Amino acid sequence: MSTVERDKAKAGSNGNGKPYKVIGTRPIRHDGVDKVTGRAKYGADIHPTGLIYGVVLRSPHAHAKIKSIDVSKALALPGVRAVVTHKDLREPGDRILELGEGAVNLRELSNNVLAADKVLYKGHAVAAIAADTIHIAEEAAGLIKVDYEILPSVLDVEAAMNSGAPLLHANLFTDELGQKATQPSNVAKHFRFETGEIEKGFAKAKLVIEREFRTATVHQGYIEPHNATALWNADGHITVWTSTQGAFSVRQQVAELVDVPISHVKVIPMEIGGGFGGKIRVYLEPVAAILSKRTGRPVKVLMNRADVFEGTGPTPGSYIRVKLGVDAQGMITAGQAYMAYEAGGYPGSPIGAGAMCIFACYNIPNGRIDGYDVVVNKPQTSAYRAPGATNAAFALETVVDEICTQLKLDPLEFRLKNAAREGTRRVDGPVFPRVGMIESVEAIQSSEHWKTPLTGKNRGRGVASGFWFNCGLKSAVSATVNPDGNVSLVEGSTDIGGSRTGIAMQLAETLGIAAEDVIPTVGDTDSVGYNDITGGSRVTFATGYAAYEAARDIQRQMVGRAAQLWEVDPSQVTCEQGSFIGPEGKKFTFKELAALVNKTGEPVVGRGSVDPEGCGGAFATHVVDVEVDPETGKVQILRYTASQDVGTAIHPSYVEGQIQGGAVQGIGWGLNEEYFYDAQGTMKNATFLDYRIPTCYDLPFIDTIIVEVPNPGHPYGVRGVGEVPIIPPPAALANAIAQAVGVRMTQLPMSPPRVLHEILAKKS
Amino acid sequence: MRDFEYEAPASIAEAVQVLGRHNGAARPLAGGTDLIDQIRVGRHQPGVVVDIKKIPELNVLELSAAGLRLGAAVPCYKVYGDPKISAAYAALADSAQIIGGIQIQSRASIGGNLCNSGPAADSTPSLIALEAIAVIAGPAGKREVAVENFCTGPGKNVLQPGEFLVELKFPARPPHSGSHYRRFIPRNEMDIAVVGVGASVVLDEKGEKFVSARIGLGAVGPIPYFVQEAGQRLAGQPVSEATIEKAAQAARDMARPIDDMRGTKEFRLHVTGVLTRRVIEEAVKRARQ
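Going line by line, the protein sequences match chains A and B. Take the first sequence: its position 70, counted from the start at 1, is 70 in our numbering, and no numbers get skipped. Take the second sequence: its position 74, counted from the start at 1, is 838 in our numbering, and no numbers get skipped.
Hints may be right or wrong, so weigh each one.
If the Cβ cut is set under 10 Å, some of the chain A residues that face chain B in the computed set are [said to hold, decoys possible]:
| no. | residue |
| --- | --- |
| 1 | 135 |
| 2 | 629 |
| 3 | 631 |
| 4 | 634 |
| 5 | 636 |
| 6 | 694 |
| 7 | 751 |
In short, the hints are calculated from the structure, not lab data. Just so we're clear, the structure is a prediction, and the values are computed from it rather than from any experiment. Just so it is clear, CB atoms sit at the ideal spot from N, CA and C, and this is done for glycine as well.
Start from the sequences and build out the full structure, keeping to the hints where you can.
Rendered as structure tokens:
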């Protein structure tokens, strides 16, 4: 069940005062047939002539110095064509490369792709082999002798911050509120956001609650493992076929790491089997490229699932302390947070975003947030769906719930009273434009779910809210009018969630043609203008904006052509619902004029190239009913409803899909997902058997309520959908568990052993 | 993955010969659902894989007045697909239905599950509860081992080089008996047992007293356990919460769990008691039907 609560008048305000014809409908996605018939080509499906195979050797230790690497035996194995190590990459120096959803230091990126003198986590890539078959390459990997000096490791953010902790980098000095520390440590950065007067705020409070929270390292868990195939041609040009969220970002990273001009790299983005933020930084692409350079053959490198868990970006485990004060009227007077996030082997956790999000749903008159970015001996963290915000919401929304329970306040009324709204200033500074926090809460308030009382033993209902910024960034598309009236659209945003169709629909809406009359293609880096990554919930917003601009460009050209044919001034021609209207009843339908285009002059090609400012933040509120087995601590979800302000739902089915997918990932994070390490820093559960993503048997149907508060910064009011739904689930579940069995969970995941432990502790 | 030779003997004698010839470098293959993956990850690197599915005795599935004969290569789906076997040996059918998904159950055998000797194997506690006997063939002929004595450690068992499991023999089910297997898993599918309990009970005619009972435990020690003490505490006692709780306590006392990625020691000990109680209650319910 889903409902679309559309403000009709507003929804139509950009469509000549009329309701949209294409936007808000549910056409079959353009890539649907290929995907359901198995014809869509993913990264592993590419087989250039002469293909050979690469395998990456990974560190068995969590922290060690590489004293030497002896590849002679591996090279001697028949069928082995090349072995490469860090020395074969360029040393790019300490330069920062912006990847769209987070930045990387190129020296660290290079070291993460192939370790130089030190391995910083188990699974860290050390060398790579190219051989005639994958089996020979695997055997050769076993013949490489790496002499390690094993160092003590530190895996936990709190332990890593202790003064006696093993140091990952001898040259890492904390950026302490802008000052460089004098002693090296594992803390890369400490920053602070502040507003109002925190002590006075707490002094005004009737109730102050302070709690500590810990969350586990979790992985994005995309189904398709990382892959890269590269051909370094004799002319020095490199072609890379890969599964990525950003072909242009891969182009830049590869060019930097293998030291060729950026235009010498062509990245062909294959269909992608999930990314969620984890397919932005490169792992295999530069390795495949240098193996190809050494062998003169195209080289394909694939990860298996253990490689993905151990060698690619999870999202950080964290330690968070939250203190919140409210007055007698239930208004928040002050909020304080101490947040330490694991960055993995190199600096760069999403602590900044986490800190900006933690209080963002509320008006916090007096606030202080201290954020810490901390390196630990775990894989380098990557973006994951609203990076940093889920950890933060788990902490804050649990404290909010406890306050509501203690003061006997309705949790939704509390949120409405304290909600961020137009004009609210976040603790980190920005002032909100028109946003939909209130509407997302009201949607839950008026839902069937909320209005249906929950009965039965050991059952509880929990709510939680969440905020994510969304972002704009650069997008470019081109669109060609065909003689049959269809429009071929070339865009450069790799499609991880049905965005191809959402973008085509915005082009169709603007031109007044059907969604099916647009033929969208995701182009490679040589066939479309520059596009930033698919991430930050930006594609439907920004690439959709580019499609709108391309459509306007086409319209201008078609108006000119109609004027030329009618021998009138272009100002006498107007566009109406896809037709071109001239004086004295003259009229061309889009198709009629399209048929004449190439016969009467130059082809009509529209271009849209944007870097839009006005991206709109999104809010979500979720409600969940659970039943807890008090004898085993197992949590069964009975019912789940997610509401979200999406601005405008272009294709409601994919909006619902994004909300459901995000909620399910949040549920997994909340209940069972975690990196489980032994004392030596080896992940013990690097399989989908023991890294427990929810199965369909663990979930009810996720009901969605699409709330539409149009974003004034977009021609169709789009905000962005994909990230905010992962934020509320862990907190909503914790609050439901508290109501069901009376225990407050402060650690993720809330797995049966943890919940049972709390239940048993409460009894005794 | 290293390449290997494949042989498929058609008789027990031939299989004994083939396994003997390779002197420990060969691994028998039934359904292969464990073995193939273990070869893939390099845990085993056999020179020869000996497919034993072509041997008639290993495909026997026979229910008679004497009991049940289950060939070592019979896939799980045949066990739960037989309504008479499912009714009489319900715990075995419970296990067969939750080992893997439908594809796995179409290949994986109960015999293979036993020979893989995982502490968390879903069928072993049921085999223990149902008094199964392992019939083993080898260079010295056939021998029989009670299932509770089969496993000797994680992945280890009493099979000597050249030996393989031929079949599992179960005694006939007495009247007023019932059995059940249940495991605790964090999700509702796709998981390995964190605790597994198999129970078989025989009640008196009125269904008010336990005549006898056998309890098997999985995933709470290096091998699956036969909790003899639990059966002794139940035998001759009335069916009551208090009696069942005593058996559950015996199970808890025997459990020797560890902390690992699937559960904590504290959790496993507690849930051993909870599951033992729940499983006995269900077995009693079935015995009364």
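We went through each hint and held it up to the structure:
no., hint, verdict
1, 135, "holds (6 Å)"
2, 629, "holds (9 Å)"
3, 631, "holds (4 Å)"
4, 634, "holds (7 Å)"
5, 636, "holds (8 Å)"
6, 694, "holds (7 Å)"
7, 751, "holds (6 Å)"
In this structure, none of the earlier numbered hints is contradicted; all agree with it.
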